[in-house]
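Given the coordinates of chain H, assemble chain V onto it according to the supplied hints.
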Amino acid sequence: MSTDGGSLMDGYLDDVLTPEQHQKLSAWINASPENARTFAAAAMLHDRMRNELILSGERQGVSPPSALVNSRRADALPLAFQTTTMHRHRTVRSLVALLSTVSLIGVAVVLFWQSFGDNPASAAVYELERLIATNANTMDRTYRISVEETVVSSRVHGRRTPEDDRPPKAPLDDAMLYVRDGRQFVLERSTENGLFVTGSNGKVSWAVRPDGPVRYSTDLSQFNRDLPGHEHEMPLVNIHDGLERLHLAYDVRLLPLEDSGGAEPATRLLVAVRHRKERGPKRVEISYQVASGLIRQMRFIEMPYGPDLLTLRLTLLSEASLNERFFDHESHHEANRRVEAE
Amino acid sequence: MDDQTRQATRLWTLAQPAVSAFIMSVVRDFRDRDDVLQDVAVAVIESFDRWDSERPFVAWAIGVARNQVGLYLRRRRRDQRVLEFDPQTMDSLEIAFADEVADQSLRLDFLHECLKSLEGRARTMCELRYQQDLKPAAIAESIGMTANSVAKSLQRIRDQLRECIDQKAMAEGVLS
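Chains as they are written, first to last, in numbering that gives the first Met the number 0: chain H, 0 to 341; chain V, 0 to 175.
The shape of chain H in the complex, shown without the other chains (with noise of 0.2 Å):
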């Protein structure tokens, strides 16, 4: 930035311009783009200093401006807002609109003053935040699974579980996992009688087998069982509530940048350690590029599958368009095989 720019943006600031230094500053914001972001970034700073400043002359006992503990204090805000607001409008509003739209205004204030805090993890927060609108769109994704490791609980030993009761699932190591919208899935298999195929279309679920009748169920959970991740909110078709649910359930941490030698758009990890008391995998990590966030994999550490828990890879192939009825079973099998509702 040049030394002219730089001091006409702090003078702005500290409010000590005359009318023509303002005039100038206004020359030099127009000047070009980057000028203008280098004023956002000076703006930026100067706004966060003061929230720093003011939290840490709390912990202090340094009492700040009257009006600004009622605009900061969340538990205040509401009683500002509904004043202000019906002033403002002079109409009678519904109370559920009234009380929703207060909540509304008292978490995103208690997540806002949280996220300036003395939080570490608030840059993570922030990536997590920016996956999860990311990854929130409905295109078709398909993945590899990949199974690094598969142990068996301790805890579950000499004691019979359900599963005991279950054929052997089929291998999820270098399955395919199709997925669209969060509701529909296919996952193929591969088995030493041929591909072993399960999914839904979101409206029945199924199973084709090597051999065997086809078999389809209304009950939506009745053959995604062999994926991992359903039984703890964690679904490996959805990966949007997954990222929700680290979210609530994990701590996150951001790791530096991933040097990829600048061949490859630069990629970095974010790890998710389960909270104590919380069901699921012990350790998630997501590794995304960081201009798009596109989540390129996603590894479970000690994630519960059955008696088991598996550490296992799941990784972006292709985000291509699939066949309309490419999650409905008969894309999956010949039109003479048999057909059986459960």
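Any given hint could be a false lead.
Quick list of in silico lysine-lysine cross-link-like pairs, DSSO-like style, CA-CA up to 27 Å [said to hold, decoys possible]:
# : chain 1 : residue 1 : chain 2 : residue 2
1 : V       : Lys115    : V       : Lys134
2 : H       : Lys23     : V       : Lys151
3 : V       : Lys134    : H       : Lys23
It should be emphasised that the hints constitute simulated quantities derived from the structure, not laboratory data.
Frame of chain H, contents of chain V only:
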């Protein structure tokens, strides 16, 4: 909390640092900024169903903030002369704040640590400026300096903090 409210809350939380700083870039009195920010929060929530999800939320929220800032300036003009940016500059700033929010939000997480390195007179000046909302002339009276020296010192302090943030961000890999 319904889905729309959750979505609005999440988006607002992410956008708020940029919106707050955008308001601050026009409304330089901290207390007035707080009041305008509160009005913007209400306006954003009340008109959330008019947000086109094809458009970035931050840019839309800054647009709402610009309207509220306009109302504030109209009220202020009745009482005193205020320095205002022309519409072209405001257009440039709207775009710049929306562009900068993601990058700056990550970097500014290091500010908390960097502020701990401020000591003595530098710390006092920052506390008077940011906690007590005093301008350089009033700070100068309190600590026996000239207003010009205070303004220059504040500029130097902010430069040092910027440098400290950049170093920490670089070390943590936040700066690419």
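Exercise. Which numbered conditions among the earlier hints are violated in the structure presented, ordered from lowest to highest?
Worked result: When the structure is compared with the hints, none of them turns out to be violated.
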